[in-house]
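Novice: As a plain string of letters, each chain reads:
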Amino acid sequence: MSPRTQTTDVCLVLEGTYPYVSGGVSTWVHQIITAYPDLTFSIFYLGAQKDSSARFKYEVPANVKHIEEVFLFDTQTSLVQLNRAPGTGWAPFYTSLRKLCVRLPTGDMHDLELLRGLMQHIARHTTMSFEMFWQHPETWSVIRELYERFTPEESFLDFYWTCCFLVQPVWKLARGLGRVPKARLYHSACTGYAGLAAAVAAAENDAPMLLSEHGIYIRERIGDICKSLWIPERLKLHPELAQPLSPLRQLWIGFFDVLGRMCYQRANRVVSLFEKNAQAQRHFGADPARIIIIPNGIRTEECAQWSEARSVRRAATPGTKVIGFLGRVVSIKDIKTLLHTARKVCDALPDARILIAGPAEEEPEYVEECLELSGQLGLRHNVEFIGPVQRGHFLPQLDLMILTSVSEGLPFVVIESLASGVPVISTDVGACAEILAGRPEDAPPIGPCGLVADVGGTEALAAACVRLLTDDALLESMSVNGREVAARHYHERIALGAYRTLYDELMSIGPAKDSKNDKHKMTPATATPHSFTAPVPTSDL
Amino acid sequence: MAGIGFQLRRLTAPRTYSGVLTAYASAAAISAGPWIISIIALMVLTWLLHQTLPGDQIRLFTASVTHVYAFALILTGPLQIVLTRYTADCISLRQEDRIFPSFKGGIALAAILSALLGGVFFFRFVHASAMFSVFAAGLMVYVSCIFVASVYLSALRKYYGIVFAFAAGYGTGVIAAWQLALRHGVNGAMAGLLLGHLVLFVFLTVCIRAELRTSAGSAFAFMRSFLKFPDLMLCGLCYNLGIWIDKFLFWWLSQSNVRVSGALHAAPDYDLAIYLSLLSIAPGMAVFILQVETDFSEKFHDYFGTVNEGGTLAEVIAAKHRLILSLREGFNRLLKVQGVATALLVIYANELTAWFNVSFIQIGIFRITLFGTFLLVMFLAMLTVLFYFNDRRGALLCSLVFLVANGLLSAATVVQNEAWYGFGFVVAAGLALFIAAARVNSRLDHLEYHTFRIQPV
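These protein sequence lines map, in sequence, to chains W and X.
Take our numbering: the final residue in the first sequence is number 541, and no numbers are missing along the way.
Take our numbering: the final residue in the second sequence is number 457, and no numbers are missing along the way.
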């Protein structure tokens, strides 16, 4: 049996992560594959552009039998302008396309089936290139209909290109459908394109689908879309009449919203890392009955020795004030806020030291800006950028860990710090507040193991640092609580056990039609009926 | 976080669309302008020479000159149209520096090719003195160079320089040919005409150099446009060959054809009629070009401006309608002016032609070819519009139809008697006009589709 036709137990559908990019999701993927050597895995990897210099960041275990890659934003330079009319076979294609687009997709199973039919058609008719499709008069008339129906007052040029950018990756994905490995279970690590790929592949192979979200994909895309500059914000003349978002941005958001809903609808189980994200998933269309919370976990016992090393060091050199940061030096971690906080801490405690550890190659310009800012703030003697480090060497040096991210899921670095007895001060992102608040409801109850401040709140962050660094008793109690929280709630065996149970359960129910989700079930009440005006989440999500 | 580092912010803003506006309009006018002037000049010259040269020498002279013009037009047709496109692209890319080098390259190419063709033709296939052959081949080089230079005239702002160049060139040519013919016979006539064209070419080059001062890049960079737009090149070839094919057929096959010398033939009945009627395109063409250069070009810019500056589809379509109205107005004027001119010429054909010593048969052919040229003007205008809207395939199609129809139908009529002469040309021009008009209509109907269709991402 060739690897392509061989059916593996689980096909992981991954978008822009493992094995090429390191980070939380990739750590988790690697953990899962390594934890179940008795299961066979395949990986369907979706990337942006093919980069021949990219190398695997992980040593892929032997139970991964097959890796397939598809690149969605590869720009082909083919200038072929064949004006060949698509055969008669394309009439039903356009009928379905109209049905899907013009009647406002809501992301229910019916829409997914329509989209799947379209994608199958694209996969079968390989002679039709995207360019040929896009330049076809029938496509043009569909675009016009959509425009006239939904955004007749927008720039047509922008609408046209928005549509092109939306459709092209889906087309590329459809072309790659034939290469999705066969598996008994499709497991996607996000919604979006990977979620769509998993949903379609699961339907094709009559297999169940599992979705694990570390962040909330749609919310991250909304952030991107709001930041993108070229989609023009119009209606500036009459601000009181202005909608918060231009119709074109709403179109982008609506597109990802629909993809997300399709994915939530098709998934037999939706896994969330923590409660707040589960709420967001419900908001964006996931069935509450299918959501399970499985937090990330680590081997806390490995950290115990680092905790001891730290205690020994603190006893030997009392009164040190070392604050650490461990993570990639990138804008999403908001290192600049960290530096402003450091300035305020050093104003109060001139002998404080801040160690910024982690790889710095991802956003070199941002690193440059941070170094410059550090100089401008006069932090040369207090702040050190020390690059990648060994955890076992780094964590014992710290009195305190700080995390200033603007967006996180359930960060491994927080659990590792706590397990190593280092209390954490963090912005209120992802699961951080949940983790650091302790577990008063546990028996016996566990107190807090860190402090939380608002995103970008340098005053509050600095005050928290100063408070902990000047109150040894508090610091010590948080250190003890942290080790307890990590060991009890964020041990690897909890997460891996839960996933094993899920895998076994889903693979045993086999074909999806036997599960409780009827394939052709119509829109559940939770779906918003109008995708192009998808609600924009407010900050309380 | 999972997810492709979403590319939205990296997607560049959409490219802008532009119509290749410049120079096309004038291309038609310019190729018609020298044509008309040269026909008039040659008629005057022929009339002058009648008093000094024997009949067979006059026939040798006029047939040679006609062949020179025909070969030069067919040879430079593809070159002219590709150079026109190249300069238009340079202007829209704001790389005016690259225009003058292409002038040099175009002239060099035209000179080499026409010298080869002219040399071979006049030395191998025409039985005339070596001196006459040298002058005739030289004339072909200069005529070709002037046709190439005319491409650049539309880019110039100082029209009076051009007018002066043509007046001086043809004036010199006519007078020198006449005077030299008095002393040296037909060789002198050819040498005089050659001198006139030399003067014209030098003046034109001075005019062009005066305005296109800067130059950068290779002289033969434009050659890549031949590969990029093979359809344009073919279109130029077909159109010019189509214009001449009926004349070649009549020279060779008509009952009244005259073998002048070697491969040089003439068909006096047909030739004079059709040259006279070609003169009639002047008023219609002038009116149409005026409309295109003023009102239409403004609407054309408006249309693409609306597209690029974020107009809604409704605004884009409204701009398109204004464009169509302007075009319709242009065709209306063309129809009226050309219609009246043609009607007057047909009615007063007898009186007019009496002046030119025209035979009864020629008057009949003249009336028919007047209709043909009327249709030809309309066809030329439609072709210009197709170039504007970048429908190169459509332009090629109708030029090809014109060529094939004119070839086949003229061949069919030429073997009949004189009563049929000219009908082939009329029907071919009508057919080409019909197809071109249908293409223009469909292009305008779907203009916004074709505008956006150019190239995604």
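Treat the hints with care, since some could be wrong.
[Unchecked claim] Which residues of chain W face chain X? A few of them, derived with a C-beta cut under 10 Å, are:
id, residue
1, Q135
2, W140
3, R144
4, Y147
5, T151
6, D158
7, F159
8, Y160
9, G456
If you're looking for bench data, these hints aren't it; they were derived computationally from the structure.
Backbone N, C-alpha and C fix where the C-beta goes; we use that ideal spot for every residue, glycine too.
Novice: Against each hint, give a clear statement of whether it holds in the structure.
Specialist: Now the hints, each set against the structure:
Taking 10 Å as the C-beta cut-off, the interface hint given for Q135 (chain W) holds, the closest approach to chain X being about 5 Å. Interface hint status for W140 (chain W): upheld, as the beta-carbon distance to the closest one in chain X is roughly 5 Å, under 10 Å. A distance limit of 10 Å between C-beta atoms decides the matter here; for R144 (chain W) the minimum to chain X is near 7 Å, and the interface restraint holds. Of the supplied interface hints, the one on Y147 (chain W) holds, with its beta-carbon coming within about 6 Å of a beta-carbon of chain X, less than 10 Å.
Nearest Cβ of chain X to the Cβ of T151 (chain W): about 9 Å, under the 10 Å cut. The hint holds. Interface hint status for D158 (chain W): upheld, as the beta-carbon distance to the closest one in chain X is roughly 6 Å, under 10 Å. Of the supplied interface hints, the one on F159 (chain W) holds, with its beta-carbon coming within about 8 Å of a beta-carbon of chain X, less than 10 Å. The interface hint given for Y160 (chain W) holds, since its Cβ lies 6 Å from the closest Cβ of chain X, which is under the 10 Å cut-off.
Interface restraint check: G456 (chain W) against chain X, minimum CB-CB distance 19 Å, threshold 10 Å, status violated.
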